[in-house]
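Trainee: Given these sequences and hints, build the entire structure.
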Amino acid sequence: MRLKDVKLGTKLMGGFILVLFLAAIQSVLAVFGTNALNANSQQVSDHLLPSALHTGFLGTQASRLRAAQFQHLLIFGEDERRAIEKQIEGLREAVNTESQAYARIIKAGEETSHFDKFQGEWKKYQAQQAEIVGLARQRRDEEAMDILKGPGLQTFDAMLAELRALSELSQDGSILARDTNASLQRNVMIGNLGALLVTIVLGLLIARTLSRAISGGVGYAASLASKVAQGDLSSPINPNTHDEIGTLLHSLRDMQSSLAQVVSRVRQGSESVSTASSEIAQGNHDLSARTESQASALEETAASMEELSSTVKQNADNARQANQLAQSASTVAVKGGEVVAQVVDTMKGINDSARKIHDIISVIDGIAFQTNILALNAAVEAARAGEQGRGFAVVASEVRSLAGRSAEAAKEIKNLITDSVQRVEQGSAQVDQAGATMNEVVAAIRRVTDIMGEISSASTEQSQGVSQIGEAITSMDQTTQQNAALVEQMAAAASSLKSQAQDLVQSVAVFKLAAGASTPPPVAAARPAAAIRAPAPRQPPGQARRLGAPAAPKAAAPALATAPARSSAGADSDWETF
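Going letter by letter, the sequence shown gives residues 32 to 609 in our numbering.
Derived from the structure by calculation, the hints contain no laboratory data.
As a list, the in silico DSSO-like pairs of lysine-lysine whose alpha-carbon atoms are at most 27 Å apart:
(1) Lys387 <-> Lys442
(2) Lys154 <-> Lys180
(3) Lys387 <-> Lys445
(4) Lys445 <-> Lys379
(5) Lys180 <-> Lys117
(6) Lys180 <-> Lys155
(7) Lys155 <-> Lys117
Pair ranges (Cβ atoms, derived):
(8) Val232 <-> Arg195: 51 to 59 Å
(9) Ile137 <-> Ile48: 49 to 57 Å
(10) Asp203 <-> Ala98: 25 to 33 Å
(11) Ser144 <-> Gly225: 39 to 47 Å
(12) Asp188 <-> Pro81: 20 to 28 Å
The beta carbon of each residue, even a glycine, is placed where N, CA and C say it ideally should be.
Mentor: Printed below as a string of structure tokens:
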């Protein structure tokens, strides 16, 4: 199997596993070297160093023991000698204890031989020590000193010689361990550096191989994608691997094929759209001309209907005013009749009051006459009374005078009331005649009011009918104006669509197709349509243009040509209006 056919995940996994394997080998070598160094160091710490310590301690204790022996012989006091004997015994026990400890760590070989010799000399020296102590207790100091300086010294020197041999063995072992550790450390370092170098070299080789295997295919795919982005669909794509990059190249080849088919279809569609948009633009241009002509005619009709509506409305207003005047006259006549009736009633009341006053005056006249008679009788009686009735006679005379004057006034009032009653009766008769005449006038005015009401109603209905006709024509005019504006917008949109279709054709022309790709069929030239614009009739002077609002959409049509991308909702509403 070729490396190109291996999956990217497998390549990466294999590379990482190989690098990890090399790192594991390096770690194993480092562990083995460290274990060797640890074993050698453990030998130094567990044997060589304790051996050197034991031999040094034994030599020190033996020297102290010999010095104590000389001191024991040189002192003459019994107590002091016994104290030194105890010291010598303690030193002897210390040497024995240290010898036993040393014997536990000694290894077979030359060290065992020297230690056995040391043990023999030490036993011999202990026997000599016992003999010296016995002689000293017997006060035979000179003999004891001779043994100490003679055979004792020879035994002590032989014992120290064996200790020096053991110390030299420990020192030699330490030097050997040091050299061994240095050699092991150097070998471990060289091995680790070698393994690290091998790991780095193999890692770089693996990285270079994987990088070339991945970046080569990815770079090839990127170059193909860049060509596709630039519109070049003619470059062949030949996948030569079966990994993920090969799958990507297969997908790019399928995408290139699909894009080539889409571009081919878009070219055909854009040419067809360009042709259709040209025809639509021409048809909309003609429709716009005819719609504008119809809009002008409707504007004139609307102006005429407006004038007719104004005239009919004026007649209706005049009839309404005449009806109002007739109603006012009828109201005034009715009020006049009511006033005349009230006057008749008032005159009747005045006549009745005058008659009552006449009767009251007659009563007053009678009372005045009776008062005059009573006053006369009073005067007569006063005259009969003489001097006592003189004052009463004067009063009676005055009362009589007043009664006479009241009677004369009553007569004059009676005459005036009688004359007034006669005149009131004449006025009442005339008022009755005026009331009858006013009733006839009121009836006539009511008939005139009814006739004027019918005329006003008919004029109002006629005005409403004409207004409805005018509104219908106005609505038709507005609709026509809106249609005209919409047609102009459609024409602008068609022109914009045409330019966009041409831009689309130019944009699609950027793509390069392979030689075997399908090419669009030749597009037929746009069918020319005659632009027939009917001349708009001129408006008569004095007729005002009622509909100025549709002019705004017409002005908006050029803006549509520059910005044809309108919202779909607005376009739908325009089509619904149209």
